[in-house]
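Enquirer: The lines below spell out each chain.
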Amino acid sequence: MDAKKKNNKAWFLVLPVVFVVAFTAIIPLMAVANYSLQDIQGADNRLFVGLDFFKRVATDPNVQDAFARNVTLSMQILLIQIPLGIFLARLMPKSGWKASAALVVVAIPLIIPWNVVGTTWRIFTRNDIGLGGVLVNKFTDYNLSESTFDAWATILVMDTWHWTPLVTLLVYAGLRSIPQAYYQAAAIDGASALAVFRFVELPKLKRVLMIALLLRFMDSFMMYTEPFVVTGGGPGSSTQTLSILLTTIAIGQFDIGVAGAFSLMYFLFIQIFSFLFFTVLTLDERPGATRVTPKEKVKSREKVEKPVNSKLKKVLK
Amino acid sequence: MTTTIATSAAGKKTSRFRIDLRSWLFWLIMAVWALPVAWLVSMSLRDNADILSSFEVIPSKISLNSYAQFFEDPSWIGSYMNSITYTLLNTVLSLLVALPAAYAFSRYTFSGDKHLFFWLLTNRMAPAAVFLLPFFQLYQAANLFDTPLGVALAHMLFNVPLAVWILEGFMSGVPKQLDEIAEVDGYRFGRFFLTIFIPMIRSGIGVTAFFLFMFSWVELLIARTITATQAKPIAAQMTRTISASGLDWSLLSAAGVMTIIPGVIVIWFVRNYIAKGFALGRV
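Which chain is which? The protein sequence lines are B and Y, in order. Just so we're on the same page, our numbering is the position in the first sequence counted from 1, plus 12. FYI, our numbering numbers position 37 of the second sequence as 33, with every residue one higher than the one before it.
If you are wondering where the hints come from, they were derived from the structure by calculation, not from laboratory data. The beta-carbon is built from N, C-alpha and C at its ideal position, and this holds for glycine as well. Errors might be hidden in some of the hints.
[Stated by the list, open to error] If we take Cβ atoms under 8 Å as the criterion, some of the chain Y residues that face chain B in the derived model are:
#1 51
#2 54
#3 99
#4 100
#5 105
#6 123
#7 156
#8 233
#9 235
#10 252
#11 256
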C-alpha cells in the first residue's frame, strides 16, 4: 500500500466531527465527572466529596450483583450467538434473488426499534395470547413474571433472535470475500467439511469475527430496552442489567452523585475491556509479533494449495 | 461453480443434493425466526376483544381498526412522524460532518489522527444510560429540549463515529491515484470531492445512510429522555401506552408493525451492499 501523505491541514476536514462530538460527548461526560465528585444539594450548596461516591458504588451489593449478571449474560450471549451466526451464514444462499431475499429476511430483526423487539416478545411469550407462551406451556410450566429461570431464558432467546443476524451478516460478508479457488483446491484435496472450515474459512473470517465479538460484547453489556420492556428487570432483580440499574438510580431516584460515579466506572470498564479484547485478538497481526499462528497459517495454506498445483499440472499434461 | 462448499470430491449429484438440503434447512430456520413478527402482524389484524376472547393461530376475523386508529389519532401518527423527522435529520447531519472527516482519515496522516480515531470509536461504546442526566440538562440549557433537532444531535453521539468508521473503510477502497490525477488535471479540492469522489463511493454512502437511519430509528432511551410532547418518538408513545391501565394489544401491535415498515423499505434499497456494510466496509 502506498503511504498516506502527512498533512496537518486535514484537521480542518475533521473539525466538524470534533465540534459535534465535543457537544454530544465531552460536555456531558464532564458534567458526569462533576456530579460524581460533589454532593450537590442545591444550586449554591455543593460539597466536594472526592471518591466517596465511587467507593459507595464499588461496594454496593446491588451494583455487584448487576455486574455479575451482566458478565454472565454477555458470556452466554457470545457463546450462543457467535457459533449460531457462523452456522446460519454458511447455510445462506450465495447468489441470485434468493441471496437478496435471504439478506433482507435475516436483517429484519436488526431494524426493529428495540422497544418494539421487547413488545413483540412480550406479546409472543404471554401465556394467554402469545403463540410462544401458549406452546411452551403445553410442555412445561412457563411464567416469566414469576420464574427467574423463565425470565432469564426469555431474555437470552430474545437477544439471540435479535442480534444473531448481525453475526450472520458479518460472517456472510467475510465468506463472500474468500476466492472460489480456495474451495476448489480444498475439494480436490478431499478436505473434510471441518478442515475446510478450520483452514480455509476461519483464517479469512478472523477480522469480521473480531468486529462481531466486540460489537456483541459492547451492546450486550449496555443492554437496556429489551429486558426493560419484557421483564422490567424482574422477577425481583433477576434480569436487572447494569443499564437498568443505572437508569433507576439516575432518573428514578435522582441520586446523581452515585449515578455519575457509576456511569464513569461503567464507561471505563467497557472501554478497557474492549481495548484489551481488541489488543489480544490482533496480537499476531502486529509487526514483530512472537506468536506462532502466522506460521501455522502459512503452513495450512500450503497444505491446501501445494498438492493442487501438482494435481493441476498432471491434469494439464 | 455452483458447488461452493463441496465437501468431498464425490460426484456432482450428491453435492447438489447437499446444497438443496442446506437451502431447505436455512429457510426452515428463517420461518421459525419469523414467528414472533408474524404473530405481531396477526395480533395487529384482530380487534382487541377478539384477541382476548379466543386464541387463534390463524385469525378468523380480519380487522383494520387498529391501523385506522393509528392513523387518525394525532398522538400516534404525530409521534411516528416525529421519529421519521429526527431520524432523517440525524442521517443527513451525520453524513455531512462525517464525509470530510472520513476522507481525511483515509487519505492523510496528521498529528493525533490515530488517537482521534480511537477516541471517536469509544463514543460508540458509551452506554446510553450514562448520558441521560447530562443530556437532560444540556439540551434544556441549549433550548433543544423536546425538538427533533435535539434528538438528531443527541443521536450523533453514536452515529457520527460509526459513519466515519464505515465511510473510511469504503474510501480506502478507492485508489489514491484518483485524487492525484484530479489534482494534476486542475480540479480544486471541493469540486473534485463533490463531483468525482462522492459519486464514486455512492454505494458506501448508501450503506452508511442505512446504518445511521437504523441506529437512530431503533434507539429509545435517549430519545425518550430529551423529549416531552412536541418531539415525542413513536417508541416512547408505545412505552407510555404500556404503563397505562387496560392494554390495547391490537393497537400496540399495529404500531409495532408500522415501526418495522420504514426499516424494511430502506433495507430493500441497500440489500446488495448490506453485508459489506455490516463488515464496516472492511471486507
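Enquirer: Enumerate the violated hints, using their earlier numbering and listing them in ascending order.
Expert: Violated: hints 2 and 8.
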